[in-house]
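There are 4 protein chains.
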Amino acid sequence: MKKLKKVNDPIYGFITIKSELLFSIFNHPYFQRLRRIRQLGLSELVYPGATHTRFHHALGATHLMGMALDHLKEKGVSINEIEYESAQIAILLHDIGHGPFSHALEYSLIKGITHENISLQFMKMLNKEFSGQLDTAIAMFKNSYKRKFFHQLISSQLDVDRLDYLNRDSFYTGVSEGNISVDRIISHLDVIEDEIVVEEKAIYSIENFLNARRLMYWQVYLHKTALSAERMLVHLMSRAKEVHSLDHISPALKYFLENNFTLEEFQENPEIVHQFSKLDDSDIWHAIKVWESNKDKVLKNLSQRILQRDLFKIKLGNEPLKKADINKLKGKIAQEFNLLNKESAFFLSHGEVTNSAYVEGGKSIKIITKKGHLMDIAQAADLPNIKAMSKIVKKYYLCLPKNVSL
Amino acid sequence: MKKLKKVNDPIYGFITIKSELLFSIFNHPYFQRLRRIRQLGLSELVYPGATHTRFHHALGATHLMGMALDHLKEKGVSINEIEYESAQIAILLHDIGHGPFSHALEYSLIKGITHENISLQFMKMLNKEFSGQLDTAIAMFKNSYKRKFFHQLISSQLDVDRLDYLNRDSFYTGVSEGNISVDRIISHLDVIEDEIVVEEKAIYSIENFLNARRLMYWQVYLHKTALSAERMLVHLMSRAKEVHSLDHISPALKYFLENNFTLEEFQENPEIVHQFSKLDDSDIWHAIKVWESNKDKVLKNLSQRILQRDLFKIKLGNEPLKKADINKLKGKIAQEFNLLNKESAFFLSHGEVTNSAYVEGGKSIKIITKKGHLMDIAQAADLPNIKAMSKIVKKYYLCLPKNVSL
Amino acid sequence: MKKLKKVNDPIYGFITIKSELLFSIFNHPYFQRLRRIRQLGLSELVYPGATHTRFHHALGATHLMGMALDHLKEKGVSINEIEYESAQIAILLHDIGHGPFSHALEYSLIKGITHENISLQFMKMLNKEFSGQLDTAIAMFKNSYKRKFFHQLISSQLDVDRLDYLNRDSFYTGVSEGNISVDRIISHLDVIEDEIVVEEKAIYSIENFLNARRLMYWQVYLHKTALSAERMLVHLMSRAKEVHSLDHISPALKYFLENNFTLEEFQENPEIVHQFSKLDDSDIWHAIKVWESNKDKVLKNLSQRILQRDLFKIKLGNEPLKKADINKLKGKIAQEFNLLNKESAFFLSHGEVTNSAYVEGGKSIKIITKKGHLMDIAQAADLPNIKAMSKIVKKYYLCLPKNVSL
Amino acid sequence: MKKLKKVNDPIYGFITIKSELLFSIFNHPYFQRLRRIRQLGLSELVYPGATHTRFHHALGATHLMGMALDHLKEKGVSINEIEYESAQIAILLHDIGHGPFSHALEYSLIKGITHENISLQFMKMLNKEFSGQLDTAIAMFKNSYKRKFFHQLISSQLDVDRLDYLNRDSFYTGVSEGNISVDRIISHLDVIEDEIVVEEKAIYSIENFLNARRLMYWQVYLHKTALSAERMLVHLMSRAKEVHSLDHISPALKYFLENNFTLEEFQENPEIVHQFSKLDDSDIWHAIKVWESNKDKVLKNLSQRILQRDLFKIKLGNEPLKKADINKLKGKIAQEFNLLNKESAFFLSHGEVTNSAYVEGGKSIKIITKKGHLMDIAQAADLPNIKAMSKIVKKYYLCLPKNVSL
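Protein sequences appear in the order of chains U, S, Z and Y. Residue numbers for the first sequence, in our numbering: 1 to 406. Residue numbers for the second sequence, in our numbering: 1 to 406. Residue numbers for the third sequence, in our numbering: 1 to 406. Residue numbers for the fourth sequence, in our numbering: 1 to 406.
Just so you know, the hints here were simulated from the structure itself, not pulled from any lab data. Among the clues, some could well be false.
One copy or two, it doesn't matter: identical chains are merged, so the pair holds either way.
Below, computed lysine-lysine pairings styled on DSBU-like, alpha-carbon distance capped at 35 Å [stated by the list, open to error]:
1. 342 with 394
2. 148 with 366
3. 146 with 402
4. 6 with 391
5. 241 with 75
6. 148 with 342
7. 315 with 142
8. 300 with 124
9. 371 with 5
10. 224 with 75
11. 297 with 124
12. 111 with 395
13. 323 with 295
Here chain U stands alone, though its shape is the one from the complex (with noise of 0.2 Å):
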């Protein structure tokens, strides 16, 4: 184990790779094909800085799942060198079933299979390519290894997934709200009985934390018009299915326009899981810039429109919309671009958006005070300032042509 890999990172500053089968797995085209997704899909078209890859947020949650380990076992929390490579190729992994634009496409592309469920099958398929190596891995990634913990960092309000990603979006973005103080969080965690706590002096850090991560919802992820363009990328896959309009499109992306395929034939066939392998951003560039002269108007209208940054208009509401109204406005929209009235919803997107910033209950972050009580931060804090976020914020939104209105 000679050759520690370090990779620059403006970030961390260095992030290194600390063995040789972890290498290994980074150097598998399956990860490397992060390289050519986007993190935040189209949220580019608002914040021109966030073209950082699920490749990098990989790498970086990797680093700070090293720091964390470091951590505890200064203080005491032995982890041997299995658990210690095993935390790391998980959390390496855990995004690796994410496709292209995921948000966008797992409700179009590839129906009701969540990316956690193909990042499941990707470890499967490797390990068996390493020859069991990742068993533990796996076993931290599903929850059921022994050591609760390890899972809690991989996945919980308080992983190293959300402390890398708050981060990197947030200096991506240029968004300031989304920092985050992950050094201060980091050194002040423990473990006790089997669970992630965090030391009272750091409640302020976590507070911020929670923070943070709502206010980037508002201003990153749920982004008005970085939501526009997503449910028209929705949209334009969902109509691409219904029209077959394969021609010219790259194999991959072929192949799951073609299928619709099950939970199931994921888990038993691998050809699909290698299928999926080979999508990247790149194969949905392609097909939009293909589809721009398609011959069906609503394909052809919807890429043309994505393509020149020529967005719907989005309106944020606390009320859904009346089904009347939705009838009214599908019918002027046909009326408007000469539209079949089944074709006109297409052009019209509306749904829920919803904010939890945290979740009280079970799987709460626990805060160990000075005198050794473990409490729910909601009850530790000394506002009621995180018992408000715990309240889940609904929205509903409303997508359409910018010269139709009721």
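Please build the complex by placing chains S, Z and Y on the supplied structure of chain U, with the hints as guidance.
Chains S, Z and Y in isolation, oriented as in the chain U frame:
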């Protein structure tokens, strides 16, 4: 006006002093003395980076005032040259009335005279020296200028003073929770009906600003260790006044230890202000080092402790201490340190601290919605957070020697 | 001109688009396509943070142009509104002629036509569309505008292009040696006899700028791994042209693979430019993924290697390779990979790279001393450093498969 | 060793004090006094952000020592616990012998005794107090420890002292030209034959480090205004010694103004070191404020000027001043200020300053090439830059009142 003065600032890059008059005031010994007064007093005992001065903060706030005014002019608000210069002068001088370790010494060295009052006296004296050129600046500072929004930029719940100090204190302490989007906030200000308002788009930046302020209170301004040190300094000064230990003390400090000036005297006697202008951190440190070998046990002990950073322990609680307990503690202290009972009061400090991030009501922060409605930020935000922050949080502290307890 | 468009930038905070015309050009699909072209091409294989786009750089340079012009106006240089807007347009569009992986594809996909030439064609087409409003911008770009200093700001050894790309590439790669004082440099510019000069005070910032550029060349622009990947891409494209593998390729890419346009054709036929405007990174990645299963061994092998980051090894030396050695290596490659001799040329790349941080002479960077003398920076600096940097450093590279050697 | 002490640092995030002994030394009044000594003395008159202290720098360098040792251990260099702790102690204390305004007062208040000598005395006294636990640290500091590379990390052309101060001074002044890649440099260090070497990969980071140091000399350490202020302070102290103005001066400062101690006395008499440990910036500022109304014209004038930042003008040239010109200037000064001729010497300062970024030869920075050869950085770099930097640049300064000239 050929030579624009430029000053390097690690936070804003370059600060330009834009007028001759401003430059002359900047060069005046009254202002230059702020170079020797640390902005955060004894907080440096906790955050070693926090050595920045009131001089630097005043300069930074002046820079932000320029940015805000430039932005408002771009927006179409008419601001003439006199107003521009005066607003910058007013903010440059807004804190000139601070003495060394201001918050500590306002309760001991000088009693019952706020630094704002002293700032005003300084401005009046400078106004005389500069033949009335500060008239408008003084009016703005006192809020007697006809256009009220200038005063709001100088002193309100969203003034450039707060914008700079949060930013600067966060930068120098390294407490990143205090980080705010100054750029974003300033570029979304407007003036409606002679009042500063914030465009709805920046509502999350305002929330973050209020939250950052609240977190900075707990983590920095009311940090327990710094609070303990400050309380010890208050007692030290009171004791020095009481026992009249004036040998080898600097002339200016002696002047204020020997006298208890009233506000009226400050207002009428320029010599008092002039003497005050001689005081800076070095007078206090010098005195503490002299008192370190004083024959008065209290003075000596407190001085040694501060110099050696051997501070009293401090507890924060939700209930005030009972009188009986205080007396009991004093008794124990007297015994432990072989002091008279009344002397033991200098070894025990108790009181309350409050943290109100935002005060609703008349002088609240106003949001202007896209449709042009004005509303209080506490009403506009999506969560009861800001309402929550409006609640004043009060805590009770108790400081005393480490080896004494009930 | 009510709606100023503001764009978040992680580097400068906020970028404002200051005129309607500029905003319209910004929104044009020709410009928007730059969102899908990474500024540093394949450097992302080495620096995973380097995913920023030509779109973002063009915007950043436009911002710096605004800063520079604002500063010069403050200094008393008269600049009218047309000039201000035109200088910003010229810099916004200065790189619009770049295709995907520009430096690589200029030698394979398109031959002998510089991106500056193509940029000019784009500007002319936009000028038509905007009824001649780009006349001045084009004149500035071509250096035919009467006031020459505008062209210097757009293109010279100290232009806003370089200021932005060094800053931005350093930020996104995390290579802090490229960090420069943009603020400081811009705020010490002046115009003397229609020429951009730097005040003597900022001489060290200029030295640092030149040195940063030199270091960025070795560490980023000519990084061995990135260079190897780029060379492989060049060979891949040449091979694709040669074997005419056009199935499933995007229409625009096909168009350029099938034809070898001359500069004259580019100048006379708007359709070529229009087709060019359809190309972005996704066309190339799509093609590489298609070719991954091509029947042509060379195409297939190179495509697989790039996708899997299995790059050729590369050596840099001070001497060019001997012809005999090249032939010997080609023979070994042919044998190893079972290729025809002429095919083996695609598996071996050799050539030279040069790094000249500063070129003395006519278009040099001028310093104005405190006494008002103009001199070349190479004369003004205190050390032979800049003279040293003027020496062009040339190195010879050799790329080939890892298991092949002399 | 339960309680690890963590200190917030705006530059490195968190600094951990890793051993009980280190923590005890850190808490000792000898070390704590550095909180009241600014690292850059009067540079704050030019760069208002530069208020950081020797305390903070010592802490930062200790942190970097820890980073470097952790890295070397990872590389396989064996370092035991005593060595680790001792290296950190040695660097923590390396500058403890600095007095206030050190560079200025080494030539006036204390003559001919370097701060390194005084640091050593402090270490010896602490060693006594801590029962010989500093033996190894002292040996490392004096370079008598058997493993020489530890001393190189403490004091050489590439030691953690320089790494921290360049980084820190650049950060606090805002002079970004001083920015260096500490992370990158440290992570490419190795130990070969008991000598610190740098891997070839980091050669550009070393070049940048040397260049940054050179630029920081001209822009900060030898900044004309700061130099002028420093020279005035030297003259002020010399005059104070001469005229014996000791009234109201602090006891410690008085002690050194009354006596001229030799190095031997410092080494033999602990009381002298103890008195020295009482000195900090406040003694000097206090004295200047007292002298502001002294009856000695020279003392009074210089004190007033420093307090009001009314500094002498200063010129840097390539030739030393002629003796005749100096005399002529002194005559003019005597006349202008109505002084005796020998008094006028206090109003004129001349001498030389030198800037040698890198010294070739025995103690040079060694590079290890990929093939394992050791070479001097000046030979390894691609350009004569570093050779150029090895040339010592000397300049001659002249400071005197603004209204006096030849």
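query: Looking at the structure, which of the earlier hints fail to hold?
result: 3, 5, 6 and 7
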